[in-house]
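Protein chains: 2
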Amino acid sequence: MSQAEINFYLAKISADLDRTVDFWLKHSHDTELGGFFNCLTRTGDVFDTTKFVWLQGRQVWTYCQLARATDDVSKKEALLAAAIVAGDFLLAHAKQPDTDKCHFSLTRDGLAVKTQRTVFSETFFALAMIGLAQTTGQEKYKDEAKRMLDTIIHWVMEDGTGTGAVSLPGTPKLASLAHPMILLNLTTEAEKVFGLNSYETQAKWAINQLFKHVQRDGTCVLENITLDGKEFSGSAIGRHQNPGHAIEGAWFIMDWANGRTADKDLIRRAIDSFLLIPFEVGWDKEFGGIFSFLDADGLEPLPLEWSMKLWWAHAEAMIAFLMAFVETGNEIHWQKFKLVADYVYDHTKFTENGSGTSTGKENEPIPTKGCPSRVVSMSHDVY
Amino acid sequence: MSQAEINFYLAKISADLDRTVDFWLKHSHDTELGGFFNCLTRTGDVFDTTKFVWLQGRQVWTYCQLARATDDVSKKEALLAAAIVAGDFLLAHAKQPDTDKCHFSLTRDGLAVKTQRTVFSETFFALAMIGLAQTTGQEKYKDEAKRMLDTIIHWVMEDGTGTGAVSLPGTPKLASLAHPMILLNLTTEAEKVFGLNSYETQAKWAINQLFKHVQRDGTCVLENITLDGKEFSGSAIGRHQNPGHAIEGAWFIMDWANGRTADKDLIRRAIDSFLLIPFEVGWDKEFGGIFSFLDADGLEPLPLEWSMKLWWAHAEAMIAFLMAFVETGNEIHWQKFKLVADYVYDHTKFTENGSGTSTGKENEPIPTKGCPSRVVSMSHDVY
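Going down the list, the protein sequences come from chains P and R. Taking full-length UniProt numbering, I'd label the letters of the first sequence as residues 1 to 383. Taking full-length UniProt numbering, I'd label the letters of the second sequence as residues 1 to 383.
Only chain P is shown next, with the shape it has when bound in the complex:
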């Protein structure tokens, strides 16, 4: 690794970031009815006016971070203004009137289309409010962030019935990796508003839960385990692995530990269990790229798209390896970052319009829809 190498990737990623952000700034704002258009063609046309709460919340948070990071005053103002409009759109339409339950998707004018029996629309609503609270300092957003975060903590740590999740007599009682992961990310972000250690109990609970998913003598991270921390046997759901998700968990842990002193051991454990092993398991040795899903026994996973290489997992890996390199100075992590970055650049065509699109060849990363928050996260958190 040399400074020239670092500069090479920094220049590449910075240019992509600028182009991508300009694209979403130009095409995704619904200046008539508020909020963002999430479904844009490569040339910026809206191909579906549905407003997805996950993507709205992510884009608000992303804009807030960008507004704080940029030195360009007019861009800063444009980003923050759009974030406020979209945050207020979420406040007006995303929640059911009498509860904190959020909808999954809305019509262009904010009517509820679909509600999921999960906690994730709420987490991205909370993230939007945290971002706005952090960036504007307004009490309104702080209150909303605090309230939704408390609800999520209650649902995840105490009683999930408020999510509407249905448990039938044969429904397996399982702990998912997603819940502690999202809670850790939220509390890490919330502490930037409410002060270091304001959510320490919850963050430590989440980290403890995450490590329970490291199974089979530390050789794999299972997405779903029993409530007493064992492998759920006899079912594909118990052997389910999502390497990109585990790798995301690695940098969530590092990100939290990063604000603390004397947590070098936790960072090392996060790298070993959640970054190196899932990457080794998930990397396609033949064609390159990270598989979406794998079965711990090597059987064909149930999701049809298991072998697809999705953009988001590669972004998580690039962030995580860079963070690991910064934390440890270990050249191996830099080399792995390069491996993933080179794969992404070799297999993805970034159009002039800013969004990454696939090249139509075999085994390539497929872009997610919506404003790519992780690109921002990558450049903001690491450089």
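What the hints contain is simulated information worked out from the structure, not anything from laboratory work. Do not rely on the hints blindly, as some may be mistaken.
Same chains, same names: a pair is fine if it fits in one copy or spans any two.
As the list claims (entries may be wrong) - With a straight-line Cα cutoff of 25 angstroms, these simulated DSS-like cross-link-like pairs (lysine-lysine) come out:
id : residue 1 : residue 2
1  : K173      : K101
2  : K142      : K212
3  : K173      : K95
4  : K264      : K212
5  : K114      : K101
6  : K338      : K264
7  : K230      : K114
8  : K338      : K140
9  : K76       : K140
10 : K76       : K12
11 : K230      : K212
12 : K146      : K101
13 : K230      : K173
14 : K264      : K204
15 : K76       : K142
These numbers were taken from a predicted model, which means no experiment stands behind them.
With chain P's structure known, arrange chain R on it following the hints.
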């Protein structure tokens, strides 16, 4: 087309059918707790003990048809005995105690794992009962078939709230292709038990509904349309095309019309609108095979797996082109059947164990899980 060509494909498909059925007979029966194991590896090991009601119902119906078709007395008895055991497993466990609502999946011993807010678990329950009524003549199965069919007719034609489907203020009110399709298939099968024309009103309603999905001056079949029969604009869901599904609709209509005289015009319209156009739209001109999903404006469809070539769609096309050839004698339909059949045989490795598995190459059909009912249907209905 020559008789030698017909014999060639007949021999190939017959051998596959025998091998496949033997595989499921040998490995899929849960002789301890009843019902079928749906998730088998290539060597017949059970990799997940979950019992899916769709697949249980299909396998019961398939076994009933095979039992009626085979001249091998011991195989006939084995098939019918297993169908009865699994049918009784469904009777004991698939339905909610006080309603006709069926669960989507069950534990190995029959506890409810998951319930969907749709009508499809119920349709495969009904199909199982129709098959058992047809094959055993027992009143018990006739009564169950009639009752479930009446419930489905009520849900599809009058009031769907019994399915548990939630409609929010912004949920688009759409008519799906799946509802009239499944109703037409069910009524066609039910008339074999309850007499020709016993469900004529419902079948004709279903056919009339199906043709409303032919949109844009007859150039495409849209999966979802408005309740007054128009294209639902501004949303990917309104432009959604599922070519294999439309082609399945073609042979459902032909199958129904087949039992009637003077319906040559309907058969011609079914072939034109639901077979030839969706096949032309859905066939991959570069690599061959039928795409899973397409957008009517040529945009990238939202489902990640849109470009995958799934086995079931190819089976539907083989059935439909053979039926069209039998009905019309038009050589073009035979050539299309050959095109699809040759593609399937070139890209699918049929293992000694009977189940079709993918060869690991690009653009190949991927097998569905569970006993493949359409293979049976193909040989039973056409030859």
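Checklist entry - Taking 25 angstroms as the upper bound on the Cα-Cα distance, should K76 and K12 be classified as within, between, both, or neither? => result The answer is within: 22 angstroms in one copy meets 25 angstroms, while 67 angstroms across copies does not.
Checklist entry - Under a CA distance limit of 25 angstroms, which applies to K76 and K142: within one copy, between copies, both, or neither? => result within (21 angstroms within a copy, 70 angstroms between copies)
Checklist entry - 25 angstroms Cα cut-off: does K173 pair with K95 within a copy, between copies, both or neither? => result between (28 angstroms within a copy, 22 angstroms between copies)
Checklist entry - Quick one: K142 to K212, C-alpha cut-off 25 angstroms, is that within a copy, between copies, both, or neither? => result neither (32 angstroms within a copy, 51 angstroms between copies)
Checklist entry - 25 angstroms Cα cut-off: does K114 pair with K101 within a copy, between copies, both or neither? => result both (12 angstroms within a copy, 22 angstroms between copies)
Item to check | Within, between, both or neither: K338, K140 at alpha-carbon 25 angstroms | outcome: neither (43 angstroms within a copy, 66 angstroms between copies)
Item to check | Status of K212 relative to K264 across identical chains (alpha carbons, at most 25 angstroms) | outcome: Close inside one copy (20 angstroms), not across copies (65 angstroms); limit 25 angstroms.
Item to check | 25 angstroms Cα threshold - placement of K212 relative to K230 | outcome: within (8 angstroms within a copy, 52 angstroms between copies)
Item to check | Copy assignment of K338 with K264, given that the CA separation must stay at most 25 angstroms | outcome: This pair counts as within: shortest intra-copy Cα distance 24 angstroms, inter-copy 64 angstroms.
Checklist entry - Checking K230 and K114: alpha-carbon separation at most 25 angstroms within a copy, between copies, both or neither? => result This pair counts as between: shortest inter-copy Cα distance 22 angstroms, intra-copy 34 angstroms.
Next on the checklist: Checking an output row: K146 and K101, CA cutoff 25 angstroms. Within, between, both or neither?
Outcome noted: within (15 angstroms within a copy, 40 angstroms between copies)
Checklist entry - How would you classify K230 and K173 at a CA-CA limit of 25 angstroms: within, between, both, or neither? => result within (12 angstroms within a copy, 44 angstroms between copies)
Checked against the numbered hints given earlier, this structure breaks hints 2, 8; the rest are met.
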